[in-house]
Amino acid sequence: MGYVELNVLNNTVPAPAPQVALGIDLGTTNSLAATWREGRPSVLRPDGRSGLVPSVIYFPESGAPIVGREARDHAVVDPRNTLFSVKRFMGRGLADVAQELATLPYAATENERGLIQLEARGRRYAPEELSALILRKVHDVASTALGEKAPTKCVITVPAYFDDAQRQSTRDAARIAGLDVLRIVNEPTAASLAYGLDQRDKGHVAVFDLGGGTFDVTILSIEDGVFRVLATNGDTHLGGDDFDQRLANLARTALGAEHGDELTRDPAFQQAARQAAEHCKIELTNQPEAELHLMVPHKRIAWRRRVSRDEFEALTADLIERTLDSCRRALSDAKLTAGQIDEVVLVGGSTRMPVVRRRIAEFFGRIPHTELNPDEVVALGAAVQAQILMGGRRDMLLLDVTPLSLGLETMGGAVSKIIQRNSTVPCEATEGFTTYADDQTGIDFHIVQGEREMARDCRSLGRFKLKGIPPMPAGMPRVAVRFHIDADGLLTVSAKEQSTGISAHIDVQPMHGLTDSEVEGMLKSGYANAVEDFAARRAADLKTEIGTMVLATEKNLNAGRAGLDKESIRDLEDALRDAKVAVQQDDVKALQRARDEFERAALPLAALLMNNVAQKALMGRSLGDV
Amino acid sequence: MPNCTACGAPLETPVACAACGAVHDVPEGASPFDILGLVPSFVVDERDLRRRLTRCSRLVHPDFFGTAEAAVRERAERNSARLNQAFDVLSDAVRRADWLVLHLGGPTEENERAMPQAFLVEVLEWNEVLEESRAASGTDPRIAPLAAEIADRRAAGLARIAQLLDPLPERGSQQLGVARRELNALRYLDRALREVETLRLARAERR
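Protein chains in written order, with this note's numbering: chain P, 1 to 626; chain V, 1 to 207.
No lab work stands behind these hints: they were computed from the structure.
Cβ atoms here follow ideal geometry from the backbone N, Cα and C, with glycine treated the same way.
Pair ranges (Cβ atoms, derived):
#, chain 1, residue 1, chain 2, residue 2, range
1, V, E170, P, Q19, 52 to 60 Å
2, P, K335, V, A159, 16 to 24 Å
3, P, E291, V, T198, 43 to 51 Å
4, V, N111, P, A361, 51 to 59 Å
5, P, A480, V, A9, 26 to 34 Å
6, V, R191, P, G413, 17 to 25 Å
7, V, A68, P, D395, 13 to 21 Å
8, V, A135, P, R452, 20 to 28 Å
9, V, R171, P, M454, 37 to 45 Å
Think about it this way: if two alpha-carbon atoms lie no more than 25 Å apart in a straight line, the pair counts; the simulated SDA-like pairs of lysine to any residue are:
#, chain 1, residue 1, chain 2, residue 2
10, P, K417, V, W99
11, P, K496, V, V89
12, P, K417, V, E28
13, P, K496, V, P14
14, P, K496, V, E28
15, P, K589, P, G547
16, P, K202, V, L49
17, P, K202, V, R58
18, P, K335, V, V43
19, P, K417, V, R95
20, P, K335, V, L130
21, P, K417, V, N184
22, P, K417, P, S332
23, P, K417, P, R228
24, P, K153, V, R58
25, P, K335, V, R153
26, P, K202, V, E46
27, P, K465, P, G412
28, P, K566, P, K580
29, P, K335, V, A202
30, P, K417, V, Y188
31, P, K580, P, A559
32, P, K335, V, V89
33, P, K580, P, S568
34, P, K417, V, E195
35, P, K335, V, L158
Isolated chain V, as found in the complex (with noise of 0.2 Å):
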């Protein structure tokens, strides 16, 4: 990471300086792991984020620029929302494995669409429970089940995607088309999970 510009101080997020308040511009191609003073890596702690997240929103939210000149509140603004898309990506496991797949010049979702073997069978008896449960009035008893279910094989997964990208692979390593593939698998597993639970709150709902 570079020095501030205005005063010299080693910076820990290029988004501003926390020795002397200076707001910078962010390089456009700053990733969410050098935006939150980062190295790229699988494992992140929650809770270290969280405050990385608030200590970087206390130098550049706009909250605390309101009677600032209007290049620099321009500035700041800029850098808040550069700072909670990266935020948004790296506290999200899947959203963060996706982006050091594709950094490290693995598959993108569009040029590896295939899913586990083992995983499609499964999505087919889970497709058949959702789509009663969906056609039924009342609750379904084997909603609830299927939910902790589909929430298992999704902590499964994430469990072998940590596997896959911790330590990080080599760049182009065949270990990314795995990774990919075990992504496109969580990431249907979210949507069924999503599924399950529109349909818990619709119940709530019609009750």
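In isolation and in its complexed conformation, chain P is listed as follows (with noise of 0.2 Å):
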């Protein structure tokens, strides 16, 4: 007979099931979830479908908020009321967005703090709470790819230049749309993991990641599984966006001279120069010429013009220099050359530009990776370390950096620093502080990131106030501050008293980013609410789903009858009068099947209908007339 030995010991309890968590690409045009599934990771589509989520948000006069495609199609119509690109504002003040904003339709504001609001329908938005809704239907679309609630604990990508206030905001808005972020990972580095280029046991990887608004390149060496970062660069004022812009400027001045700037100014306008502009863009990537062509109806106005791959790569030629300044930057800091990179690995939709792919091959002598769809590959590897969090992998190590030298003002305004920029991350440094006045029990500083030896040229993470320390002669004191970057390249800071031992409590207060009463605050009143019931939600999308395709097949019945046999009518005219029936109801998995048997009786009327458009294109008709 066999019997269960127990480890005492060791206490040892059977390992609980596994249990997985999401990657999130949060991006600036689109973002996506991935998951771990049979041993690898997966993009989470619902029904086949693409499963991104374009990061756009539109407020209806009354309603909820729409997130995704469907609101992405408002934006030439209600401009003003669709936001967009929201990551560009994410833990930055208006000053440091003002060019941004000249070309966005929608309006923005700055609040008391110096916090940057967007506005729709009269009312003010955090950028994180717009962020937050933009995870919720992620986490949303991944429900229904997963058909039950997808898990809350997620890891969520940023670009790797991001600084603390960026990261921060990062984490806040996650923590609005009521998900558990395990860790902020950035950008290149979770493609480097979805690449699986542990494989190769030893070697140095260049990661180039050109998004929609941002754009990172990172240089990492791998060695027996372990990814460590050796330098980060980057701008995170610099993408796809930019691309558009210049032809959308096109536009702008040829139109300007005609009709003023009263109709460049025009939100309608703007919004339908950046989407005429996107899609040249897209078409110069298959094509070497492309029109651009714009329409704002209300003003009466129809543009054309051909635009040749050529022009667009000299109007566009500065961009892709800063970007090649960035690699320059990062090798130097990394004292690797161009040619000592072993692999190059291209990421973010942006790098589909022909002309971006052979800069990079001119630049590292080599032939860059495209093999994984560039808008999904950070998805992927965020699930990667989701997986590795969650205790599914230990064979892979990934060390990361701090994209940014951190340091404190010192008097005069100059800086002095603390934490030296790629620097393996989680690292810490503590600084000794003393006071000038008898009895001062109170100490100011001012922590800025950036590389400029004045503090007014870096950024500002924020004025910190030491609070509680002993009354003592001056100079007495001895205050240890220590400033630590977590895994999430997140500062903490922490202070103690040494001098006199007694073990006084030291506040440290930071001035930046959203108050936690702010975040409770953005939980409880928003629209992105916490923990939604999924399978009232997904009832209620089937009805609609169900409803669209009642209405449809009612339509195109009677013109289709003649061609269907008799069984297949009454087939369908069951299904119909079943889906009507089911709709009443909010049994999921009953509206499921009803939606799947639906679907199938009223194959037979597609088919036929599919067939009538072929036959029309072959009389000679396009497509698009029938």
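Two chains, two separate frames, one set of hints: put the complex together.
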């Protein structure tokens, strides 16, 4: 008879069933979730659709905000109430983003604490609240794909070059969305995980990540499953949007000369120009010439212009140069030359542009990897990292760095660096402080992030105040302040008074980002209300879907009746009746059954209609006319 | 090195036990050498150092504590930071030498500001070239040879420091003061090299 051996000494308990967490790419243009399934990362696609959620939010006149594809369609019709590119405003002040605001159709203001607010339908939203809405939508889509409520534990990616405030904002957004963030991971680093480059035992990798609104380059060394980031560089204000703007400027210049500033400042015009430019840019990826075609119906404007790929590349040459400058700086920091890089990985939709691929191949002297979809590779990598964090993989180890030096403002406004850029995280440094006056109980200090000599040229992370120092003669207290940058790249500051041995409680108050109570408030009040009933949501979605199908079928059945056999017609009529009954109730399983059955029954009709369309096309009419 | 308080196995590093995985509180005064399980010495094998970083990171990196209880997670996070800090000091010859000079009771940078005599003459010449190059618009043909010269000078300085610090001198030895002066020169050289690099990158950008 067999028996169970109990390991009493180690008090071993059977390992619980492995849990998974989501990997989420929260992008400027699109967002996406992936998870670990059957031994590898996979994108969560509901019903075989792409899973990509456009990072766009539309605020209708009444009712809840609409996020994603549907919201994007409102952008031209109602540009003032359609918010996009929210990521560009995360953790920033108005002054940081003045340039992009000039080209945006919606309004932005600053609140009393210098935090940016975007306006729609007369209400102001913090970028964190808006990102939370996108995250909720991504989570919903993931739930739909999984057929059950998706995990709330997740890994969220950010550009490697994001500073502390931008990372903190991302974390706050997730909290507002009711998600539990296991880790903030840098996008290029995540991408390197997705490529399974750990299979090679040794080498140097460059990840070039040009997204919708941000650019990063990261240089890693890989050795025995350890991914060590050597250097990272980038620009959080450079991306595909900027390439679009160059094309949009063609329209702006031409039409501005003809119709004046009043037109070019019109939000509908701006939105139309933006979309026309994006469309033209995408076409130029596959063909040497494309049309920039712009319509603003209420201004009676229909404008077109041919743009060649050469012209487009000339218009954007300086943008490509800026990315190469970052590559040079990253290589210099990594103490490597371009020729020492063994693999180059391209990430981000903007790397589809042929000019990017060509210049990168020239620069590094090798053909870059493009096997994985550049829109999906970051989410896939986040799913790998999520799996590591959930305890599912111990063979890989990721050592990432902090992108920017951390410093303190000294007397006279100079910066004294306490943590150098490209230091492996987590990292920490301790700095000593003392008082200038007798019985002084507080010390102020100003923390900045950046590489410039003067504090005013760096990014302020806020003024901190040490309070609660025991009263002593000037210069006597020895306050040790510990600056810790965690694996998320987030800074925490703690302090201890050492000379007296009195364990004084010293508060460190940050002065940037949302306060805890603000996040709490948004959690309670916002549309992005934390945990929603997945079943109720799914039922509502299915009802809408069935409703649309019923309408379409009823409309087409009369036209198609003649071409169908009796059995198919009876079958479809039965399914129609059943579907109408099914939508009276909230049972998800029954609704799903009804939808599937209806879809099956509607197949012959759909085939017939497609056939008609094809025949008409053969008769010399284009599909678009039918 | 003491034994593990959880399982009794001998510890290779104070951050955690390789045998049972327990994460320990690292004593406040633990040195970078202690943390990576090394005896203080100016000579370190870079490859061995990287291996030690990897091995210790696998014990305490926060990635492996995603589902651990908060207290353990925080300790791992803290130890991981100490580990990275120790690696940063030991993997850089200048920072390593600086730590050893201080640890052996030698002068601080503030107490001993002098540089070797001959060095000052060279500095004046380099400064002239750098200044002119900064003002010039095109690529200065003198910059590349200058960078090579400074790098050579740096290697020579490091070699002298190695002679002074290997084997380690007695506590409070005169040699520590000499080493400090060489270190001051090296810091200066590193600043000059950064300057050259900035010029090089700026030229590339203007192109």
